Amino acid sequence: MSAPLDANARRQSFFEAESVDRLVSMVLELATELWVVRERLYVLEREAGRLGLPLSEAIEAHELTPEEQAQLAEMRRRMLGELMRTVGRDHRPPLRSFESPTV
Amino acid sequence: MSLELRHPLKIAPPRDTAARQAFVSALRGYILNDLAGELRSAYISEVAPQFERGHGRPPESEDEVHRAMISNTCFKFYSSIRYNAQEMVWRSVIPHAEHTLPETCSKIEAHAGSAGGTLSLDPTLELPRNVARLDVHLMPGGYAPDESPLAGAIYDQGLAVFAAGMMGHNLDDIGLSMAHYVKHRFPRLEPQRILDCGTTVGHNAVPWAQTFPQAEVHAIDVSAAVLRYGHGRAESLGFPVHFHQMDATELRFPPEYFDVVFSSMFLHELPLRDIGRFFEQAHRVLRKGGLLLNMELPPNRELCAYDRFYLDWDCYYNLEPFYRGFRDQNPQDLVVAGGFRAADYLQFVVPQYSYMPESEFAAEVGGTRRVSGDTGRLSTGVQWFGFGAWKSE
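Chains as they are written, first to last, in the numbering used here: chain E, 1 to 103; chain Y, 104 to 496.
Just so you know, the hints here were simulated from the structure itself, not pulled from any lab data. Worth double-checking, as some hints may not be accurate.
Claimed, not checked - Restraint-style ranges between C-beta atoms, simulated for each label pair:
1. Y:Glu141 <-> E:Gly81: 28 to 36 Å
2. Y:Pro198 <-> E:Leu44: 21 to 29 Å
3. E:Glu99 <-> Y:Gly484: 31 to 39 Å
4. Y:Asp225 <-> E:Leu51: 55 to 63 Å
5. Y:Glu293 <-> E:Leu83: 51 to 59 Å
6. E:Val20 <-> Y:His272: 33 to 41 Å
7. Y:Ser475 <-> E:Glu68: 54 to 62 Å
8. Y:Pro460 <-> E:Pro93: 48 to 56 Å
9. Y:Ser475 <-> E:Glu99: 26 to 34 Å
10. E:Glu68 <-> Y:Ala235: 45 to 53 Å
11. Y:Gly484 <-> E:Pro93: 34 to 42 Å
12. E:Leu72 <-> Y:Ala129: 25 to 33 Å
Claimed, not checked - Stretch by stretch, here's where chain E covers chain Y in the computed footprint (C-beta under 8 Å, at least three residues):
13. 110-122
14. 234-243
15. 427-440
Quantities reported herein were computed from a predicted structural model and do not represent experimental measurements. In this text, a Cβ means the ideal position worked out from N, Cα and C, and glycines have one as well.
Chain E extracted, bound-state conformation:
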């Protein structure tokens, strides 16, 4: 992956405490990931039912292999990276006064 994921500009903050802006990012990223999982589960459950598979029972009984555990660990790490993506970014302070932009 080489295409940049962030614009070349200081991030704008809106709250007096810059940390709140970072928290808003985290909450929204979390909500997005939660939705992705919910949608996938929704599809999974319906497909399983349609195919006559007793999936719920199988999930409860499943024991993770070392390979599966490693895969999940990597997935968690990637998710945390997205969640914390603004922690280290430099932020512009909130505007307290301003002039019309130069044109």
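With chain E fixed as given, assemble chain Y onto it according to the hints.
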């Protein structure tokens, strides 16, 4: 609801990516409709009365509204969430667009020439600073990072997420609305040559070819990246559009070549000096009796202080520094400075063509719609503002 692009260059993303895009798109729709309503309510019930108690009058300018709103909690959350959503739009599409770039390139190559359109690039063209040095719309890498069509793919897919289903079935509602306005309002114009300036991926140029199949449609942009993609996109849709890498301030077409010179959401990204130069060029390349037509954000002078402030958000927080400067102008003055006569000026407001029967749209053309808080403000029920001028016979 997230928008599914309906052209053959689209490559369906994996389910998780599609779910992520759908969520971000829904978030955008929620911000622009629901949170925007909350923001207006906060202004009416808290901020404006507080200002009035201190000043003995309500806020009179967009700057006064902005200063008063900056410390309001609702504004902070609205802005922070909207800013994040803008970043998330791009983050939701970039990895997929990059991963599928080879397939996209193959499709562009496969469709090349199939509809009769062309692509002319100019490697000597110097990018204007407002394109080269600015990640407009917070789009990572900007619109012209290199010659790869990746930036075009990112813009097309990102705009689909951004629009939240409110910009037409193929991101083409602005072009369709403007072209059909011309078709119904000026049926005798029958344009033979049409030019779209600042076309990016040609999503609003294709509708002109659709609406006027007899016309030769040209489209220009300074970015080779978006043009390469736009050319493939138009060809894949079966509409011949001639794409050129060209600066709108230095058009390389003969005098009196076009019947219509069009732009959409373009002028507000330009420094005022460049708008003047573009209009001078448009006047030169239009034939006598031809029409300059720009779809744009409405001028500040026709909006109340709150609506001016609301539209200003992008200028201050979305890397669109020329946005406000353009909207502060009188559009009639701008076209007159370009060589058009004041008496030949026109402006209008139209509903969205894509979401109503053609007969209803036709009945609206020439109607009494005026600029209001819904004009140019992307939300359900948005209506588009157009202005321009005839070139005198």
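Each hint tested on the structure:
Distance hint check for Glu141 of chain Y and Gly81 of chain E: the Cβ-Cβ separation is about 32 Å, which falls inside the suggested range of 28 to 36 Å. Remark: the range hint 21 to 29 Å for Pro198 of chain Y to Leu44 of chain E is upheld by a beta-carbon distance near 23 Å. For the pair Glu99 of chain E and Gly484 of chain Y, the beta carbons lie near 34 Å from each other, so the given range of 31 to 39 Å is met. A beta carbon spacing of about 57 Å between Asp225 of chain Y and Leu51 of chain E agrees with the range 55 to 63 Å that was offered as a hint.
At roughly 57 Å, the beta carbons of Glu293 of chain Y and Leu83 of chain E sit within the given window of 51 to 59 Å. Our hint of 33 to 41 Å for Val20 of chain E and His272 of chain Y holds, since their Cβ atoms are close to 39 Å apart. A hinted range of 54 to 62 Å for the beta carbons of Ser475 of chain Y and Glu68 of chain E is consistent with their spacing of about 57 Å. Restraint check, Pro460 of chain Y to Pro93 of chain E: a C-beta distance of roughly 50 Å satisfies the suggested window 48 to 56 Å.
For the hinted restraint 26 to 34 Å between Ser475 of chain Y and Glu99 of chain E, the CB-CB distance of approximately 28 Å keeps it satisfied. Take Glu68 of chain E and Ala235 of chain Y: their Cβ atoms lie about 48 Å apart, and the range 45 to 53 Å holds. The hinted range of 34 to 42 Å is satisfied by Gly484 of chain Y and Pro93 of chain E, whose Cβ atoms lie roughly 36 Å apart. Taking 25 to 33 Å as the suggested C-beta distance range, the pair Leu72 of chain E and Ala129 of chain Y conforms, at roughly 27 Å.
Here's how the segment 110-122 of chain Y fares: 3 of its residues keep a CB closer than 8 Å to some CB of chain E, so the rule of at least three is met and the hint holds. For the segment 234-243 of chain Y, the stated coverage by chain E holds: 4 residues have a C-beta nearer than 8 Å to a C-beta of that chain, and at least 3 were required. With 4 residues having a beta carbon nearer than 8 Å to a beta carbon of chain E, the segment 427-440 of chain Y meets the requirement of three or more and the stated coverage holds.
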